[in-house]
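Please model the complete structure; the sequences and the hints are all you need to start from.
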Amino acid sequence: MNRPRARNALGNVFVSELQEALARLREDQQVRVLLFRSCVKGVFCAGADLKEREQMSAAEVGVFIQRLRGLMNEIASTAVMGLIETTRGLLPGAGGTQRLPRCLGVALAKELIFTGRRLTGAQAHTLGLVNHAVDQNEEGNAAYHRALALAQEILPQVDIMSGMAIEGMCYAQNIPTQDRLEGMAAFREKRPPKFVGK
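Sequence positions in the sequence shown follow the numbering used here and run -6 to 191.
By construction, these hints were calculated from the structure, which means they are not laboratory data. Please note that the accuracy of each hint is not assured.
Unchecked claim - Across the chosen pairs, the derived CB separations fall in these ranges:
no.: 1; residue 1: Gln145; residue 2: Val189; range: 37 to 47 Å
no.: 2; residue 1: Val56; residue 2: Lys34; range: 46 to 56 Å
no.: 3; residue 1: Arg0; residue 2: Val189; range: 47 to 57 Å
no.: 4; residue 1: Asn134; residue 2: Arg19; range: 18 to 28 Å
no.: 5; residue 1: Val54; residue 2: Ala178; range: 19 to 29 Å
no.: 6; residue 1: Ile147; residue 2: Arg0; range: 52 to 62 Å
As the list claims (entries may be wrong) - Derived pair list, reagent style DSSO-like, types lysine-lysine, alpha-carbon separation capped at 30 Å:
no.: 7; residue 1: Lys44; residue 2: Lys34
no.: 8; residue 1: Lys103; residue 2: Lys187
no.: 9; residue 1: Lys103; residue 2: Lys44
Backbone N, C-alpha and C fix where the C-beta goes; we use that ideal spot for every residue, glycine too.
Given below as structure tokens:
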């Protein structure tokens, strides 16, 4: 991402460009790993472009938020993160109020949303929001290099046919479980399942 003057803030054009790139890459059978990287030193993404949003009508804001939420469903990661909208009298609109409680639990999610507190990569790692936190290097691309190394570690492990065989073995283990039978019965009876972990 390379929008330095706006610190990679997500505006209409930028979101459209990202969505188009993702659509193209999704169809490319040669792509197995996608790394999002900022070319702006010291920042991944400043969040929504509030200067642009201020000029939008209420209807335009609604459409933009839907597009942004869709984009965030596909990508999410940053070195310093937070749902800081509440510090500006706004609500998080790209799905953060739904994702954060599922990751951290309701109480901690409320605290972070209501305070608008920003978390460092190390803090996010401690809370379990991210898998890795790396110290920044001189070039400002340490996270990119860690992600690239991780992708290279993962890629050669399993080809698609082996992966399907592994999935088949795992599924076979699931077939005789009480929870699978309960899930199917609950679906048939149009009720929530009552899983017991067996």
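Cross-check of the supplied hints:
About 41 Å separates the C-beta atoms of Gln145 and Val189, a value consistent with the hinted range of 37 to 47 Å. Checking the proposed 46 to 56 Å range against Val56 and Lys34 shows it is violated: the Cβ atoms sit about 32 Å from each other. Hint check: Arg0 to Val189, Cβ distance near 49 Å, so the stated range 47 to 57 Å holds. Asn134 and Arg19 have their C-beta atoms about 25 Å apart, which keeps the hinted 18 to 28 Å range intact.
Judged by the Cβ atoms, the range 19 to 29 Å given for Val54 and Ala178 is violated: they are separated by roughly 44 Å. For Ile147 paired with Arg0, a C-beta distance near 30 Å fails the hint of 52 to 62 Å. Restraint check: the Cα-Cα separation between Lys44 and Lys34 comes to about 21 Å, which is no more than 30 Å; the hinted pair holds. Simply put, Lys103 and Lys187 have alpha-carbon atoms about 27 Å apart, close enough for the 30 Å limit, and the pair holds.
Of the pairs offered as hints, the one joining Lys103 and Lys44 holds, with about 26 Å between alpha carbons and a cut-off of 30 Å not exceeded.
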